[in-house]
Structure formats: C-alpha cells, structure tokens
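Number of protein chains: 2
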Amino acid sequence: MPDLRRTAAEPGPSVVPDGLSDGSPYYDVAVVGAGVAGLSVAWRTARRGLSVVVVDPSPGSGATHASAGMLAPVSEVTYTEQPLLRLGLASLAMWPAFRDDLEGESGEDLDYRTDGTLDVAYGTDDMAYLDDLASFEESLGLRVERLTGRGCRALEPMLSPSVRGGLLARDDAWVNPRRVVSALLAALAKAGGTVVTEQAGGLAFDGDRVVGVRLASGQVIGATSVVVAAGPWSPSLVPGLPIRPIKGQILRLRGPEGFLTRCVRGLVHGAPAYLVPRGDGEITLGATMEEMGFDGRVTAGGVYELLRDARELVPGVTELELSETTVGFRPGTPDNLPLIGPLRGTGSRGPGEPAASAGPAAPRSPRPPDLLAATGHHRAGVLLAPITADAIAAFLTGDPVPQVVESCDPGRFSR
Amino acid sequence: MPDLRRTAAEPGPSVVPDGLSDGSPYYDVAVVGAGVAGLSVAWRTARRGLSVVVVDPSPGSGATHASAGMLAPVSEVTYTEQPLLRLGLASLAMWPAFRDDLEGESGEDLDYRTDGTLDVAYGTDDMAYLDDLASFEESLGLRVERLTGRGCRALEPMLSPSVRGGLLARDDAWVNPRRVVSALLAALAKAGGTVVTEQAGGLAFDGDRVVGVRLASGQVIGATSVVVAAGPWSPSLVPGLPIRPIKGQILRLRGPEGFLTRCVRGLVHGAPAYLVPRGDGEITLGATMEEMGFDGRVTAGGVYELLRDARELVPGVTELELSETTVGFRPGTPDNLPLIGPLRGTGSRGPGEPAASAGPAAPRSPRPPDLLAATGHHRAGVLLAPITADAIAAFLTGDPVPQVVESCDPGRFSR
Numbered sequence: 001m002p003d004l005r006r007t008a009a010e011p012g013p014s015v016v017p018d019g020l021s022d023g024s025p026y027y028d029v030a031v032v033g034a035g036v037a038g039l040s041v042a043w044r045t046a047r048r049g050l051s052v053v054v055v056d057p058s059p060g061s062g063a064t065h066a067s068a069g070m071l072a073p074v075s076e077v078t079y080t081e082q083p084l085l086r087l088g089l090a091s092l093a094m095w096p097a098f099r100d101d102l103e104g105e106s107g108e109d110l111d112y113r114t115d116g117t118l119d120v121a122y123g124t125d126d127m128a129y130l131d132d133l134a135s136f137e138e139s140l141g142l143r144v145e146r147l148t149g150r151g152c153r154a155l156e157p158m159l160s161p162s163v164r165g166g167l168l169a170r171d172d173a174w175v176n177p178r179r180v181v182s183a184l185l186a187a188l189a190k191a192g193g194t195v196v197t198e199q200a201g202g203l204a205f206d207g208d209r210v211v212g213v214r215l216a217s218g219q220v221i222g223a224t225s226v227v228v229a230a231g232p233w234s235p236s237l238v239p240g241l242p243i244r245p246i247k248g249q250i251l252r253l254r255g256p257e258g259f260l261t262r263c264v265r266g267l268v269h270g271a272p273a274y275l276v277p278r279g280d281g282e283i284t285l286g287a288t289m290e291e292m293g294f295d296g297r298v299t300a301g302g303v304y305e306l307l308r309d310a311r312e313l314v315p316g317v318t319e320l321e322l323s324e325t326t327v328g329f330r331p332g333t334p335d336n337l338p339l340i341g342p343l344r345g346t347g348s349r350g351p352g353e354p355a356a357s358a359g360p361a362a363p364r365s366p367r368p369p370d371l372l373a374a375t376g377h378h379r380a381g382v383l384l385a386p387i388t389a390d391a392i393a394a395f396l397t398g399d400p401v402p403q404v405v406e407s408c409d410p411g412r413f414s415r
Numbered sequence: 001m002p003d004l005r006r007t008a009a010e011p012g013p014s015v016v017p018d019g020l021s022d023g024s025p026y027y028d029v030a031v032v033g034a035g036v037a038g039l040s041v042a043w044r045t046a047r048r049g050l051s052v053v054v055v056d057p058s059p060g061s062g063a064t065h066a067s068a069g070m071l072a073p074v075s076e077v078t079y080t081e082q083p084l085l086r087l088g089l090a091s092l093a094m095w096p097a098f099r100d101d102l103e104g105e106s107g108e109d110l111d112y113r114t115d116g117t118l119d120v121a122y123g124t125d126d127m128a129y130l131d132d133l134a135s136f137e138e139s140l141g142l143r144v145e146r147l148t149g150r151g152c153r154a155l156e157p158m159l160s161p162s163v164r165g166g167l168l169a170r171d172d173a174w175v176n177p178r179r180v181v182s183a184l185l186a187a188l189a190k191a192g193g194t195v196v197t198e199q200a201g202g203l204a205f206d207g208d209r210v211v212g213v214r215l216a217s218g219q220v221i222g223a224t225s226v227v228v229a230a231g232p233w234s235p236s237l238v239p240g241l242p243i244r245p246i247k248g249q250i251l252r253l254r255g256p257e258g259f260l261t262r263c264v265r266g267l268v269h270g271a272p273a274y275l276v277p278r279g280d281g282e283i284t285l286g287a288t289m290e291e292m293g294f295d296g297r298v299t300a301g302g303v304y305e306l307l308r309d310a311r312e313l314v315p316g317v318t319e320l321e322l323s324e325t326t327v328g329f330r331p332g333t334p335d336n337l338p339l340i341g342p343l344r345g346t347g348s349r350g351p352g353e354p355a356a357s358a359g360p361a362a363p364r365s366p367r368p369p370d371l372l373a374a375t376g377h378h379r380a381g382v383l384l385a386p387i388t389a390d391a392i393a394a395f396l397t398g399d400p401v402p403q404v405v406e407s408c409d410p411g412r413f414s415r
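Protein chains in written order, with UniProt numbering: chain Z, 1 to 415; chain Y, 1 to 415.
Just so you know, the hints here were simulated from the structure itself, not pulled from any lab data.
Derived, one-sided and incomplete: chain Y residues facing chain Z with beta-carbon distance under 10 Å: (1) LEU285; (2) ALA300; (3) VAL303; (4) TYR304; (5) LEU307; (6) SER323.
Facing chain Y, according to a computed beta carbon distance under 10 Å, are these residues of chain Z, among others: (7) LEU253; (8) GLY302; (9) VAL317.
Here the structure is a predicted model, which is why all the values come from computation and not from measurement.
Ideal Cβ positions, reconstructed from N, Cα and C, are used throughout, including at glycine.
Full structure from sequences and hints, please.
This is the structure in structure tokens:
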C-alpha cells in the first residue's frame, strides 16, 4: 500500500493545451461526480499534491445518499464473484486507516462500527443454505461463526422467535455514508481541492485528447486528467460505458438506541433484507433491486416489501418511526465489478462514440492518462472507496497499482 | 335551512368590555382553529355580516390536512350511531349548495365527486356482514345496491379477483379537503374575515365572561363570542372538554388517472381500509385509528398495515408512487358525535376548571353566547362542515338551529 500520509509530492504535469490557454481554470485532475467514489478519489489525489476539482451539481446526493454503508464483503459473498470478494476484502483492510485519516482531517465521526453482520435463517431450507454458505466462506479462509436460534437472539434480542439459526461475520463493518460524504468534503477542502456545484455537460477535447470537462453552462474546466465517477450517469459522459442504473428503494427507521447492535440480514421470501443500526438510533432498512431505469418514484410495493421483510426478521420494527423513504440508483455493470482505471482509446473517438479499450493499464506511462473511470461500484461504493481512491491516485502519479484492481480494468468487456 | 345567501344581516352586538377599551382589535366573533370546521364557521358567519377573526398558527394543517374528505354517511353507518347518521345525512344534503357557494366565491375547484362508495367483501363471513349492513341500511331508508364480485369488478376493474361481492352506496360523495381549506380561506377573505396566524394561548375573561382570545404572544383579540374549533387541541382552551386525539396515519399514492373511479372500502383483517381517488390521479389511502395521544410519528407498522390492506383490495397499488405519509389527530368524543353549540356555565369558572353545561341552547337569547364549541368531529369534519357552520351561525345570530344538531349539545356529558 502506498504511503497515504505523503502530502508534499511533486505536482502532476500541467501542460495547458493551446485551446485552453484563454485563462480558463486548469487543474491536474477533474473528477466528475461527488459520490463516495469521486470524493475519495479527489481527496486522496489532492493529498498527493495534485490540483483537483470535483464537478457535481449536488455532492453526495446520488447512490451514496441512499446507501446503507455496509462494509460487508464476507456476508455478501456469492459463489460466482470471487474477484469482487478479493477486491472487497482488500478495501475492507484499508478502511481502518482510511477512517483514521478521514476522521482526523475532517474532525467528523463517521459512526464506523465493527460489530459484524448477523445473517439469519428461518426454515430448514434457509438453514441449509446458510450452512453451505458457511462452508464456502470457510473454504476461502473467511471467519464466520455458526449460531443456533437461541445464540442469535442472545446477540440480538429483538430478532424474531422464528429464527432458526445464523452466521456471524465478525469482520464485517459499517459506516454512515452520509457522514463519509460530509467528512470527505471537509477533508478535500482542507487538502486544497475545489468543488464546482454545476452539472457536467460532457468532456472537452483537444483533437483526440480529453482536456477537461465542459459544464452544462458551456464553461470548460481544463484538466490534464478527467476521472469519470458519475455512477449510473457515467455513460452520459462516456457513451457506451457498460453501466446501467439499478434502482433501490431504502427506508430509514428511528428507534431507541440499542434496538439492534449489529447489522442483521436475512433471506425473506427469497429476497435479501437487511437492517443497519446507527449510533443515534437510526436504522437503515434495505433495499429493493429494480431494473427500472431512472424511475425515481418511491412505490407502494417497494415500501410494502421492505417493511414486510423487516417485520419478519425483527417484529418490533412496527413500533419504530418511518423517518425517510429514499430512491437511489446503483451503477451496475455486467459482472458486478466496478470500472477502475484508464479508459483507453478515447483519443480516437468523438464524444458520441463508445469508449474502446486496448488492454490493461501500463504503469509509469510518460504522461498520466487523460481519461479514467472510477465508477460502476454497484452495491459496494462505500466499501470500495479506499481501494478505488488509491488505485486512481496511483494511475495518475505512476505509482504501482494494487494487483487486485486488475479485475476492474474498464476495457475488459471489449476484449 | 336558513337562507345561506343572505349577506347583509345586521351586525352582531359589539359591546366592548371596559377591560378591552385600550385599542385592542375587537370582533363580533373569534374562531380558534382554522381546520375545515373553524373556517366554515368563520366564512358562514362573516357572510351573515358579522366581523370575524380566525386564530391559527398554521391554517389547514390539522386533521383536515390528513383527511380523505369522504362524505360518506351511508357507507360509514354503524348500528349504534343513528344520531350521527342523521347528522351526516343532513350535512350531506347541504353539501351541493355549500360547494356551489364555495366554488363560486373562491373560484376554486373542490374536486367534489358523487360517484358513490363501493364497499367490498372477501370471504363468506364478510359477505354475511355486508348483507346484514345492507338490510340495516335499507331499513333506515338508505339507498344501497348489492353487487356480485363480477359486478364490483365491472365498476372497478382494478379490484382483487378475490372480491366476493359488495355494496354500492350511490349517494356517498367525496371532496379534496385541502382544496376545501384553500377555498375557504379565499372565500373568508372575500367576505371580510381576518386570519391571525398565531398560536392561541387561552381565553380572555372579563370577570366571568369570555371576552376574547389571548394569543401566545400575550396580545388579546377581543370578541363578543369565541368559537372553539381547535379539534383535538380544544381542551387546551377549555379544560375538561371531553375530546381526545385519535391518531391516524394516512398515505397518498399517485397513479394514472382513472385507476379507480370511486371510493373503495373494505374490511381487511378486521380493519376498515379505504382508497379515495382524486381527479389528478392521487389516491388517499387510510387510515389507522390509534389511541396514542399526540404521537406524531409515521410508524413502520402503520404504513405496513395500510399498504398490506390496500394490496388486498386493489393489488395493482404496488405499482403506484407512495407520494406522502401523514399523521393527523382526529378530535374524538365519548359518543363519536361532535360538540356544536354554546358552552354553558363558562361564566362561573376560571380558565383552569371544566366547562359545565346547563341544558340545551335557548334560541333568541338577548345577547349571543360568549363561548361556543365547533369541535370533536372525529372522522367526519369535512362531511359535517356545512351543518356545523350554519348551526353556529344560527346560535350567534339568534336564528333557528336545525333540530338534528341538538344531539351535539356540548353539555350532554355532564347531564
């Protein structure tokens, strides 16, 4: 892992192209999108001494605002997604230092908690599934603990009496994603970064090369490198990027502190449901997964199903306040892995054509890539923020990139 | 029924008590509470030529804001509440003229609809209950129509295939209560009425006599008569009034126009549920009945039960937007009838003592009552607005009061 505390690195190359020598603002790096991915990239990059600007009309209002903030690669493991597991574990390992840095620089408390995730089962079928999952997790060297129903309720007395048993993943953590955004904005400002609260209208080109971001207002912000971190809206900047919105409806409940002490998950009616408690009594309850495009409606059916499933896991939720209903759009990719790294071949295309990719990123290129992606994090944006940020910073400065990030090469779908 | 179009009646007596001859504002009538009851009283009273002020920190924000606006005395009839039925039928009969007047004077469309209420049943037990109800309604001379399940779905194709049958009450109507408030405020202003958007702190006394309203700021608004129309908050002005808040949670859905064409009701899990469609595609879905005091929380359990019951009646609601969750407090009384009329014996009590009552109101008293109630309308505030307003106006001007209002004498509980 690179030394994250280095702050006085040499500034990045800042050759202003001829077309921009008109006094337009010019930065080493322009990040489009101020969700947890874009802000983490911007903060970590600014910390390395590069001049950074972030463009977003409403920082922190996208998927991050809806997110539950689970840092749960273990309990979210699936049989077919081991590259995602490796990426998640690598990023989870970076979270404690990331959190220390971020809380230290921002002075904000992220409500980072490490009490683990409790995955519970009802019927015999559910128990069999959890047993298989536990064996699989153990085969990967993950630490899980099998519990009886009584053992589950000893940890979480509000659990339904119908719970047959469960798995405790002690290494899973969680964090309040809204506080992460607030802290990142503060830390970015302290590191000298700039936030432009305007809509990005597209990329700016000098011939084949990306030279900045064109705002919707028409103004161009020049940059040596542009990082697309616009989540599900990324294809509006780089047409053809294989990212689609996956709608999620998520609820916030408010109860007494200590109603739950750890993340509780369960398969209910075949759909995964979870409850994530915060220190202030808030409980995030999620989440639907809907292929509905950018349909921003909270629906009667979505709210109904979330409340129904939560009641089955923890019957006492009925007494809690329903304090918020939110819709977010996860940036989904075909293989559920994010796009992290240079977008190759962009020099040869116009803004209306798909981005082509010509293989994995070569480290130590003579000049930094003009266009990079830090997007497509699907359900794992908060978990993957540290590794995404450090990987992008490494691509920009020519430092070694963690090998586990190779699975996220943005060009992998066109090979 | 009095001539509602009379506008040039002689002004009410305006003897300013000595204690208020300091230049304080002085009105014939001060109404405390700008819900549908208070505003209707104020408008009708101002129309009769009296000077009127309404005191409310937030007009229209109480039970009326939450209300579905059903004008449904027929389908809401219960075996033990025939006085309430008679009152409701009398007020329903006044609604067409009330609406014409109000729309004419305000220029606003109340979305008043007269397509009736469809009450549906599922199981055999439910059908038996509806059959009994129909016989009871017919014995009272009410017009109801028995329908098969197919007949119900012919009227409302979105109804569940499980519906066994139903009753159509063609005489029931409904209205958008928020538009009624908006129209009443406009009509009241046109009639010369005043609205003071401050909190009432209590009544002002001159010896034993009520002489106005004391604002929370300390200022006194003098009035010959004070009408307490503060719904569930009325006991804070007249301690001992037998009124309690009955919490209701109610949802607004938004769908395509014509999703439903009439009010649909049904007993689901033993609880009555209803869906009230508006012309603009909004559907009001209600409502919980909770003895929870002034607990203003929207709860997970309340929303869950409303959505669950609505899904059973009309499965397609799951696709609709959940556009609003609201809590309101109905002003409940021991017998579910409102308090309409003079509060007797107030002259002999201090502001901390219960109001006593000394019998029915005597018409043509030498001077108008100093203190009246127009509150405790429970679930029927919108339905009962016309008769409440005209009864109070009659009490104030000495005109004959409709006999059906005698059941609402505020003193009935102390006899």
